[in-house]
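**Student:** Sequence:
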Amino acid sequence: MKVRDIMTTDPISVRGDTRLKEAARIMVGNNVSGLPVIDDTGRLIGIVTEGDFLRQEASRDRPYRLSLLDALFGEGETEAPVAETVAEVMTEKVATIGPDATIGEAARVMSARRVKRLPVVEGGGALVGIISRSDVVSAFTKPDDVIEDEVREDIIRRLLFLDPESVEVSVRDGVVRLDGELENRTEVQLLEELSRRITGVVKVESRLTYTVDDRRIEGNRPG
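Number 177 in this note's numbering belongs to position 167 of the sequence shown; there are no gaps in the numbering.
Any given hint might turn out to be false.
Quick list of in silico lysine-lysine cross-link-like pairs, DSSO-like style, CA-CA up to 30 Å [stated by the list, open to error]:
1. Lys12 / Lys31
2. Lys213 / Lys152
3. Lys12 / Lys103
4. Lys12 / Lys126
5. Lys103 / Lys213
6. Lys103 / Lys31
7. Lys31 / Lys152
8. Lys213 / Lys126
9. Lys126 / Lys103
10. Lys31 / Lys213
What the hints contain is simulated information worked out from the structure, not anything from laboratory work.
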């Protein structure tokens, strides 16, 4: 399963010159904790989150640090600068992902970057969607019978063109079990690897055997 299969398309976004109060209203009204920020062409330029608002609010009560010269010449304390637009508080270096990346890749990026959501961008940085942790979690809670059907129909029948009766498939708690005998070693390895790549699969336990070790035959061919 790819990111494009579960991402939210046409995500709610704001521009850099959007007022912070308006952005806050949008977030509250749509029950989201972050908003992608785009330019006039739809290209992603940043992201604004609840954390940005919290930091901005905290800075209101903290006296602005005076330089030594200001203190010496009696300029007096000045108020901390208060941001008014999204561009002033947004995070510019944003972790992103492409629509053709796998759900597993998205999960790894979220974990490594410690983020709750990933803007989905295409060539040139155009924003095409957004994927959240809850989207990823939902994908990995796929029912066992759905996973079993994908192994049987999508992989065994349509991709590998094998006889579904030649392989016994069972799935329990995301663990795929494969039993049976196939014609060659390559088919066994392909079935095992493709089954592992199905979203929601925790592990593949294989007892598959093969009649011919075509890898060994190929390796013994004269050069």
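**Student:** Determine for every hint whether it applies to the structure shown.
**Tutor:** Verification of the hints:
Straight-line distance between C-alpha atoms of Lys12 and Lys31 comes to about 35 Å, which puts the hinted pair past the 30 Å bound. Distance hint between Lys213 and Lys152 is fulfilled; the C-alpha atoms sit about 14 Å from each other, no more than 30 Å. Simply put, Lys12 and Lys103 have alpha-carbon atoms about 24 Å apart, close enough for the 30 Å limit, and the pair holds. Using a Cα cut-off of 30 Å, the hinted pair Lys12 and Lys126 holds, with the two alpha carbons roughly 18 Å apart.
Using a Cα cut-off of 30 Å, the hinted pair Lys103 and Lys213 is violated, with the two alpha carbons roughly 35 Å apart. A C-alpha spacing of about 23 Å is found between Lys103 and Lys31, which places the hinted pair at or below 30 Å, so the restraint holds. Simply put, Lys31 and Lys152 have alpha-carbon atoms about 39 Å apart, too far for the 30 Å limit, and the pair is violated. Distance check on the hinted pair: Lys213 and Lys126 sit about 25 Å apart at the alpha-carbon level, within 30 Å; holds.
As the CA atoms of Lys126 and Lys103 are separated by approximately 15 Å, the hinted pair is consistent with the 30 Å bound. Annotation: proposed proximity of Lys31 to Lys213 is violated, straight-line Cα distance about 47 Å (limit 30 Å).
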